[in-house]
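Top line first, the protein sequences correspond to chains A and B.
Numbering follows this note's numbering, in which position 15 of the first sequence is assigned residue number 90; successive positions increment by one, without gaps.
Numbering follows this note's numbering, in which position 77 of the second sequence is assigned residue number 58; successive positions increment by one, without gaps.
Simulated from the structure, these hints should not be mistaken for laboratory data.
Even glycine gets a Cβ: it sits at the ideal position worked out from N, Cα and C.
Treat each hint with caution, since some may be false.
[Unchecked claim] Over 10 Å on every C-beta distance to chain A, these chain B residues come out as not near it, computed from the model:
(1) Asp3
(2) Lys84
(3) Thr86
[Stated by the list, open to error] Here are the in silico distance ranges between beta carbons for each label pair:
(4) B/Glu(-4) with A/Pro144: 40 to 50 Å
(5) A/Lys155 with B/Pro22: 28 to 38 Å
(6) B/Gln(-17) with A/Ser76: 24 to 34 Å
(7) B/Val66 with A/Lys154: 39 to 49 Å
(8) B/Lys(-3) with A/Leu157: 24 to 34 Å
(9) A/Lys154 with B/Val27: 48 to 58 Å
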Amino acid sequence: SQTIHQWPATLVQPVGSPLSLECTVEGTSNPNLYWYRQAAGRGLQLLFYSVGIGQISSEVPQNLSASRPQDRQFILSSKKLLLSDSGFYLCAWSVRGTGPYGYTFGSGTRLTVV
Amino acid sequence: AQKVTQAQTEISVVEKEDVTLDCVYETRDTTYYLFWYKQPPSGELVFLIRRNSFDEQNEISGRYSWNFQKSTSSFNFTITASQVVDSAVYFCALSEGKGGGNKLTFGTGTQLKVEL
């Protein structure tokens, strides 16, 4: 069965510090991968998605970047965190192929920038 | 551009009441997919249902039912005989039927509180 792992679960970082959040998927190949952020207002905002190794599409210009060094690994990074980067970050994967399928989400990382 | 509207920010009901969560969407595509997700207090989003634009049949799964009406661009979700465990934020989402990564556009969510 497919599983998605996301860590850490919670993180408190000072302003200006770097960030690295990791997400890995098991039990599937060639997945589409996504990073979403959920701010205090509950809405889910798509940050990045990837349809293959090294292929990253950015949806929102911001202080963050994403990388996909391996087929089932997706990393969210920042060189210098801002207060506005605080939020709940969710990684997700979906089957690549004909027609959209539902996402499977990771358990999320709650980031607080202080 | 596609858009999903969940006008109900928060709903409170007493256990065993029926409750309907509204979802209205906008898209220019004739082929698209609609989803509902549940987010319990733990934060993880749980997939509930996917419906494509060519299938307007209503669906029932236990206490959950979904009413898809293309004429009004709505995909409403009803919980029958609500329980405390149904308390969560519920998200409606839309994906167009093209390639480009299967991106989902989410509504802002409806917080459902079921009280004893």
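Checking against the hints above, which ones are violated? 2, 3, 8 and 9
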